[in-house]
Structures are given as C-alpha cells and as structure tokens.
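Undergrad: Residue numbers (my numbering), protein chains in the order written: chain F, 1 to 144; chain Z, 145 to 307.
Please keep in mind that the hints were generated in silico from the structure rather than gathered at the bench.
Yeah, the Cβ is synthetic: ideal placement off N, Cα and C, and Gly gets one too.
Keep in mind that a hint or two might mislead.
Taking lysine to aspartate or glutamate and the DMTMM-like style, the derived pairs with C-alpha atoms no more than 20 Å apart in a straight line are [what the hints assert, rightly or not]:
id: 1; chain 1: Z; residue 1: K176; chain 2: F; residue 2: E121
id: 2; chain 1: F; residue 1: K6; chain 2: F; residue 2: D22
id: 3; chain 1: Z; residue 1: K188; chain 2: F; residue 2: E121
id: 4; chain 1: Z; residue 1: K213; chain 2: F; residue 2: E53
id: 5; chain 1: F; residue 1: K75; chain 2: Z; residue 2: D186
id: 6; chain 1: Z; residue 1: K148; chain 2: F; residue 2: D85
id: 7; chain 1: Z; residue 1: K188; chain 2: F; residue 2: E47
id: 8; chain 1: F; residue 1: K126; chain 2: Z; residue 2: E208
id: 9; chain 1: F; residue 1: K75; chain 2: Z; residue 2: D193
id: 10; chain 1: Z; residue 1: K187; chain 2: F; residue 2: E125
id: 11; chain 1: Z; residue 1: K176; chain 2: F; residue 2: E67
id: 12; chain 1: Z; residue 1: K187; chain 2: F; residue 2: E137
id: 13; chain 1: F; residue 1: K42; chain 2: Z; residue 2: D195
id: 14; chain 1: Z; residue 1: K149; chain 2: F; residue 2: E47
id: 15; chain 1: Z; residue 1: K187; chain 2: F; residue 2: E121
id: 16; chain 1: F; residue 1: K138; chain 2: F; residue 2: E121
Some chain Z residues well away from chain F (every beta-carbon gap over 12 Å; in silico) [what the hints assert, rightly or not]:
id: 17; residue: T162
id: 18; residue: S276
id: 19; residue: T290
id: 20; residue: Q296
id: 21; residue: M306
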Amino acid sequence: MTKLNKYQLTHLSRNTQFILFDIHGNLLESCNSLFPTQDIRKQIVYEWFPFLEGIADALQMMKPGQEMLFQRVQKPSAQLPGAYDFNIARPITNPDTLLLIIADHSEAYRQYQALQQQFNELYIEKQRLETELTTFEKGSIPSR
Amino acid sequence: MEIKKKIILTGSFGVGKTSLFSRFIYSEFDEKYLTTIGVKVDKKTINIDDDTNLNIMLWDIAGEVAQDKVPLSYFLGTSGIIYVFDLTRPMTYNNILADIEYLKNILPEATIKIIGNKKDLVTTAHIESVISGLPVECDMTTSAKTGENVEQLFQSMGEALMI
Numbered sequence: 001m002t003k004l005n006k007y008q009l010t011h012l013s014r015n016t017q018f019i020l021f022d023i024h025g026n027l028l029e030s031c032n033s034l035f036p037t038q039d040i041r042k043q044i045v046y047e048w049f050p051f052l053e054g055i056a057d058a059l060q061m062m063k064p065g066q067e068m069l070f071q072r073v074q075k076p077s078a079q080l081p082g083a084y085d086f087n088i089a090r091p092i093t094n095p096d097t098l099l100l101i102i103a104d105h106s107e108a109y110r111q112y113q114a115l116q117q118q119f120n121e122l123y124i125e126k127q128r129l130e131t132e133l134t135t136f137e138k139g140s141i142p143s144r
Numbered sequence: 145m146e147i148k149k150k151i152i153l154t155g156s157f158g159v160g161k162t163s164l165f166s167r168f169i170y171s172e173f174d175e176k177y178l179t180t181i182g183v184k185v186d187k188k189t190i191n192i193d194d195d196t197n198l199n200i201m202l203w204d205i206a207g208e209v210a211q212d213k214v215p216l217s218y219f220l221g222t223s224g225i226i227y228v229f230d231l232t233r234p235m236t237y238n239n240i241l242a243d244i245e246y247l248k249n250i251l252p253e254a255t256i257k258i259i260g261n262k263k264d265l266v267t268t269a270h271i272e273s274v275i276s277g278l279p280v281e282c283d284m285t286t287s288a289k290t291g292e293n294v295e296q297l298f299q300s301m302g303e304a305l306m307i
C-alpha cells in the first residue's frame, strides 16, 4: 500500500462506513466507522433504517453492477443524527450481496441547509408580496 | 397480516410537508419553519381492518418549485404520493397540473392524493374559492397545526393502497 493509499484510507474511514449484507438484509460485514453494529440485536440491515426498509423490495431487484445514490438523507436512525449520502451497489464480483456506503456530510449539509433556509424564506416572502400586490391592483383586500 | 408501503410527501417548499410528517408520525407540531434539504424517513403502522395492519414508510422530501427537480431516486418503490400545496400561497398550486402529470408519468401505478394544507389560516370561503379554481381535484384540506384531517388523510391513503 502506498502512502497516498494510507492517507486516503485514513481520511475515508473518518466519515464513511462500508456495510456488506445479503439481499435479504442479513449483515455480513461492517467497518463500523460511523456507528457500531456488533451490539445491535437484530442483524437485519433493512430494519436499522426506515429509509432502507421502504425500498427493500427495489434493492433486492437490483442488477449486478447497478448502483443507486440517495443524497442528503436526514437523521436516518437514532445513531446517525446528521445528514448523509447513501450509496447502494450490487457488486458484479459478489452479486449475492449488497454494498451500502454511508458518507457523513453533516457539516457541509448544515451550511447548505442554512443557505437553503434563507433562500426559501426570501422566496416565500417574495411570493407573499406579489400576491398582495396583485390583490391590491384588483382593488380587493387580501384574505390574510 | 402486516403489509409495508412507501408513501412520499411532495410539493413546493414551505407548504407544510414536514409538519404533516411530524404531526402524523410523532403527534407534534412546531411553528418554526425548518427547511428539509433532502429526505427524512420514518414509519408508522395503521390499522386497515380486523386482519390487516399497514406499515407506512413515510418519506418527507425536500420541496421544489417543480416536481421534475426532485431526484428520481427518491421516487423508487413508491406506492402512494401525497402532493401538498399551501392554501395561502397561490404559487404553490399554480404549477399543480404539470406536477401531477409528471408524477403520473414516472409513477403510473401509484395512488396520488392532492392536499391543501394550512386550512387553519384561511376562511372556508377562501378554501372553496381555491379548490374550485384548481385544474385538478383536491382530495382533502388539512391543518398540520391543529391536526385536522391528518389522521384521516393517511387512513384514506392506506385504504386506497389496499384496493
């Protein structure tokens, strides 16, 4: 392993968890970077996240080599209180399994959320003023 | 018998999707608007009849001005769509026909319910005026704040999904 590979691995292991499970959801392996899995009573990965439970049928039908990305999943479980990207793949080399990669981008998404919040509030205020102007021009009183 | 179905809450931003989500799942309401940037998911079981429970996987999706801006992956495996607009903001239902057509196109098998939220902020006459002017049928009006019609919304969606 080169020095660069080591740096890369160290960096990734800080904010990314790799979980391997079979198509029925049974846990096979986890690197436990973001949360420990060994003490979870039920070792069915789908049941850890309502997010995955809702799409379990679709995941079971993924074709080998297929990948899906779900960005900005907020508070996916009690152990993950931030915002994460979920990448799910069915590896060609191991088609009986599914690989879940959870990347923690909570800090970046916190900043993104603050900006989005500001944008949305301004946009809503703009809409309200436009509606009031239209109502005023028609000569009637706004309903609220 | 226990059945699982995925239902999504979608529509423009600031229409009260997260408030409906919190009211239904946690029986909570917060006056403060906090924008959703991606997706929040939680579940709740409702009773359909003596033999059937429906486990609802509810996805609260970040609001967009038009539905074609929503990431397609969020729609995966969806059985029911609750399209929410704000009865106080015309801009949230001006694009409703195009939005519903788009949703029907990408999820032709899904059941769609169209909901006017924030009914506690407007008069009955205003609600009637808004609904009569829509190019699509509004299934229900709700208030996440008072809880009016929220349980009924999910119950009727659950029953529709069992047909």
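Undergrad: Does each hint hold? Answer for all of them.
TA: Each hint tested on the structure:
Under the criterion of a C-alpha separation no larger than 20 Å, the hint pairing Z:K176 with F:E121 is consistent with the structure, at around 12 Å. Of the pairs offered as hints, the one joining F:K6 and F:D22 is violated, with about 29 Å between alpha carbons and a cut-off of 20 Å exceeded. A C-alpha spacing of about 30 Å is found between Z:K188 and F:E121, which places the hinted pair above 20 Å, so the restraint is violated. A distance of roughly 24 Å separates the Cα atoms of Z:K213 and F:E53; the hinted pair therefore is violated under the 20 Å criterion.
The straight-line distance between the Cα atoms of F:K75 and Z:D186 is roughly 10 Å, inside the 20 Å bound, and the hint therefore holds. Note on Z:K148 and F:D85: the hinted pairing is violated, with a Cα-Cα distance of about 24 Å set against a maximum of 20 Å. Between Z:K188 and F:E47 the CA atoms are separated by roughly 13 Å; this keeps the pair inside 20 Å, and the hint holds. Pair hint F:K126 plus Z:E208 holds up; C-alpha atoms about 16 Å apart against a cutoff of 20 Å.
Taken as a hint, the F:K75 and Z:D193 pair is broken in the structure, with Cα atoms around 32 Å apart against an allowance of 20 Å. In summary, the hint linking Z:K187 to F:E125 is not supported, as the alpha carbons are separated by about 33 Å, beyond the 20 Å threshold. A threshold of 20 Å between alpha carbons decides the hint, and for Z:K176 with F:E67 the separation of about 37 Å lies outside it, so the pair is violated. This hinted pair does not check out: Z:K187 and F:E137 have alpha carbons roughly 46 Å apart, beyond 20 Å.
Only pairs whose Cα atoms come within 20 Å are accepted, and F:K42 paired with Z:D195 is rejected, the gap being roughly 26 Å. The suggested pairing of Z:K149 with F:E47 holds, with an alpha-carbon distance near 14 Å, which does not exceed 20 Å. Proposed proximity of Z:K187 and F:E121 is contradicted: the alpha carbons are some 29 Å apart, above 20 Å. Between F:K138 and F:E121 the alpha-carbon distance is near 26 Å, which puts this suggested pair outside the 20 Å criterion.
Not every beta carbon of chain F lies more than 12 Å from that of Z:T162, the smallest distance being close to 10 Å; the non-interface claim is violated. Every beta carbon of chain F lies more than 12 Å from that of Z:S276, the smallest distance being close to 15 Å; the non-interface claim holds. Non-interface call for Z:T290 relative to chain F: holds, since the shortest CB-CB distance, roughly 16 Å, exceeds 12 Å. With a minimum CB-CB distance of about 22 Å to chain F, Z:Q296 clears the 12 Å threshold, and the non-interface call stands.
No Cβ of chain F approaches the Cβ of Z:M306 within 12 Å, the least distance being about 17 Å, so the stated non-interface status holds.
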